[in-house]
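So the protein sequences, as listed, match chains Y and E. So in this note's numbering, the last spot in the first sequence is 258, and the numbers never skip. So in this note's numbering, the last spot in the second sequence is 653, and the numbers never skip.
Honestly, the hints are just simulated from the structure, not real lab data. Quick caveat, the model's predicted, so the values are computed rather than measured. Any given hint might turn out to be false.
What the hints assert, rightly or not - Simulated pairs of lysine to aspartate or glutamate, EDC-like, Cα-Cα distance not exceeding 16 Å: (1) LYS477/E with GLU370/E; (2) LYS142/Y with GLU127/Y; (3) LYS385/E with ASP418/E; (4) LYS255/E with GLU127/Y; (5) LYS565/E with GLU99/Y; (6) LYS383/E with ASP362/E; (7) LYS346/E with ASP411/E; (8) LYS565/E with GLU101/Y; (9) LYS385/E with GLU445/E.
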Amino acid sequence: MSQTASIELQGVDKEYRRDDFKIPVLTGLDLTVAEGEFLALMGPSGSGKTTLLNLIAGLDRSTRGKVIVHGQDLGDLSEAEITRWRAHNVGFIFQTYNLIPVLTAFENVELPLLLTSLSKRKRRDNVMTALKVVGLKDREHHYPRQLSGGQEQRVAIARAIVTDPYLLVADEPTGDLDRTSAGEILDLLEQLNQEFQKTILMVTHDPLAAERASRTLHLDKGQLVDDKVREARVPAAS
Amino acid sequence: MKYFTYILRNVRRNPIRSMLTIASMSISLFLMMILLSFFAMNDESTSAARIYNRIVVMNANGFAGMLPISDLAQIREMDGVLAATPFSWYGGKYKDEQMPFAQFGIDADTIFTILDEYTVPKDQLEDFKKNKDGCIIGRKLAEDRNLKVGDPLPLKGDLFPVDLDLSIRGIYDGDINRDLRMCFFHWEYFDEALKRTAMAGASSTSLAGDSGRRSGNAGTIFVKCKSADVMAPLSSKIDDHFRNSDNPTRTQTEEAFGKMFVEMMGDLKNTIYWIGGAVVISLLFVAGNAMAMAMRERTTEVAVLKAIGFGKPLVLFLILAEAVIVAGLGGVLGSLGCKALCDFVDVARYSGGFLPFFYVPWNIALTGLAVSFFIGLASGLAPALLAANSSVINGLRKVV
Numbered sequence: 021m022s023q024t025a026s027i028e029l030q031g032v033d034k035e036y037r038r039d040d041f042k043i044p045v046l047t048g049l050d051l052t053v054a055e056g057e058f059l060a061l062m063g064p065s066g067s068g069k070t071t072l073l074n075l076i077a078g079l080d081r082s083t084r085g086k087v088i089v090h091g092q093d094l095g096d097l098s099e100a101e102i103t104r105w106r107a108h109n110v111g112f113i114f115q116t117y118n119l120i121p122v123l124t125a126f127e128n129v130e131l132p133l134l135l136t137s138l139s140k141r142k143r144r145d146n147v148m149t150a151l152k153v154v155g156l157k158d159r160e161h162h163y164p165r166q167l168s169g170g171q172e173q174r175v176a177i178a179r180a181i182v183t184d185p186y187l188l189v190a191d192e193p194t195g196d197l198d199r200t201s202a203g204e205i206l207d208l209l210e211q212l213n214q215e216f217q218k219t220i221l222m223v224t225h226d227p228l229a230a231e232r233a234s235r236t237l238h239l240d241k242g243q244l245v246d247d248k249v250r251e252a253r254v255p256a257a258s
Numbered sequence: 254m255k256y257f258t259y260i261l262r263n264v265r266r267n268p269i270r271s272m273l274t275i276a277s278m279s280i281s282l283f284l285m286m287i288l289l290s291f292f293a294m295n296d297e298s299t300s301a302a303r304i305y306n307r308i309v310v311m312n313a314n315g316f317a318g319m320l321p322i323s324d325l326a327q328i329r330e331m332d333g334v335l336a337a338t339p340f341s342w343y344g345g346k347y348k349d350e351q352m353p354f355a356q357f358g359i360d361a362d363t364i365f366t367i368l369d370e371y372t373v374p375k376d377q378l379e380d381f382k383k384n385k386d387g388c389i390i391g392r393k394l395a396e397d398r399n400l401k402v403g404d405p406l407p408l409k410g411d412l413f414p415v416d417l418d419l420s421i422r423g424i425y426d427g428d429i430n431r432d433l434r435m436c437f438f439h440w441e442y443f444d445e446a447l448k449r450t451a452m453a454g455a456s457s458t459s460l461a462g463d464s465g466r467r468s469g470n471a472g473t474i475f476v477k478c479k480s481a482d483v484m485a486p487l488s489s490k491i492d493d494h495f496r497n498s499d500n501p502t503r504t505q506t507e508e509a510f511g512k513m514f515v516e517m518m519g520d521l522k523n524t525i526y527w528i529g530g531a532v533v534i535s536l537l538f539v540a541g542n543a544m545a546m547a548m549r550e551r552t553t554e555v556a557v558l559k560a561i562g563f564g565k566p567l568v569l570f571l572i573l574a575e576a577v578i579v580a581g582l583g584g585v586l587g588s589l590g591c592k593a594l595c596d597f598v599d600v601a602r603y604s605g606g607f608l609p610f611f612y613v614p615w616n617i618a619l620t621g622l623a624v625s626f627f628i629g630l631a632s633g634l635a636p637a638l639l640a641a642n643s644s645v646i647n648g649l650r651k652v653v
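Construct all of the structure, not just a fragment, from the sequences and the given hints.
Here it is in structure tokens:
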């Protein structure tokens, strides 16, 4: 890889405890993700894809090893610090969109900005820009129940990008969508990756979705078993 | 403030549940306001009597004992006395009413010097003084029964074997926390009726004999003192003066006299307070259960908020604010609503004569509101702490 390392995992182990049992999920994982990469994580259920995503997004902590994202060792951050770090650096896209049903599209997208010191006018500008990027500028007053699944996911993407994070993590972003809507969401993720140079980590079971990524990792039983790079799609950053 | 929209939308998220929680809170607080106000109002109105420098003389053995009218003249002669009047309970029934309103035989020349917080038009007072069968009634008593000056007011004896055919000569008025449902008539008129009945019976019946024994009784004597300083020494002096008579006296301030009636209710006040405590605890469970249900339904949502950067203190604040708003709305409706209702509607009118006046004191209404905020905080604390400390991973796993 010639690009600057955006994410580095060094000898990462992750195990969960269930009563007296230790359940290893990731074992001795080493990984480097370049800045601006669009990485797809594939593998069977229970292979550790989502756990890996959670470690990189700062939602969970490794049992052993280092997780360094954009030069920051996440293990050094306290609970409160890592929450703030997430707010500034990571945008989340979920399979079931996870929009707040009682808030409009605008208010959902505005949520992460409430944590900033931006003025109301500036927040509005940023929200409208994000909604414009996802093509839903005219749906700002709509509640999630008034939107289709694809539109809901677009709002979720707008919420993920509104703070302009450099890392987007998407856990099965097309898992609940029909083929057409899924294609549109993947187009959007590609656009965010290529036009806005967002580093994207996407967990998926769908090979067609993985094809949109510049690199595909296969995990099995907590270990990397395959690493395919599609050179043509890797952005030439350096 | 920027989170207010989110908090308010969550309050309205499940309108039926929120409405039921608010309703249970407001109804319970409304009833508590009524009960607590009854005691607080009594305390407040008896305490308010402190400024009028009045003392009350009664038989040392209580209301059943006699207080000879001859005592009145002796009391009037004492230093520090501005004015004194007999104050004799009659308790007659008006028309078909079962509960008598307050009726007292008094001295027309001094009553409104002594009860100087009441106002009565001068011409009406003069007319009352001139007519022995006249009476003066309170404004609310007149309103309740659609009575006006010049109307007859026949009262049928219940405790006493005499009927009084009174005519209304005046209507007095006063503040909200004073009794505007009393009727004052000439003590002499009442006493003469008792004597007439006794003489007519010529001791042939026990009833008439009873009338004879009851005449000449002042009931109690209300004394207006020249200053607050003389109230205690004058009370002692009166009691000392009549200590060795046939009818020794017990003299106390009007405030103490009023509290005596509250004390007659024994432990009822404490019982009400205990009930109030139990109501608060049950409301805690009601509100707490509603918040816990709301939080269980929002496990994933809370996890999403935390994932995108909402810290523990902020999550805690959002949930507590929601709980306080729901409980606070119940508090506003229950306590301030009760006060507003009692201010605009004359509740005492519908008490069948049990209450001369009723209002919810501000301190009680505000206490009710504070209690509702406390219930909101306390009921939201456990769900809020659980949500704030919940695992983001577990929360997201529910659907992801």
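Evaluation of the provided hints:
1. LYS477/E with GLU370/E: holds, 12 Å
2. LYS142/Y with GLU127/Y: holds, 14 Å
3. LYS385/E with ASP418/E: holds, 11 Å
4. LYS255/E with GLU127/Y: Cα-Cα ~11 Å, so holds.
5. LYS565/E with GLU99/Y: Within the cut-off at roughly 9 Å; holds.
6. LYS383/E with ASP362/E: With a Cα-Cα distance of about 10 Å, the restraint between LYS383/E and ASP362/E holds, given a limit of 16 Å.
7. LYS346/E with ASP411/E: Satisfied, since the Cα-Cα distance of roughly 7 Å is no more than 16 Å.
8. LYS565/E with GLU101/Y: holds, 11 Å
9. LYS385/E with GLU445/E: Holds, at roughly 10 Å.
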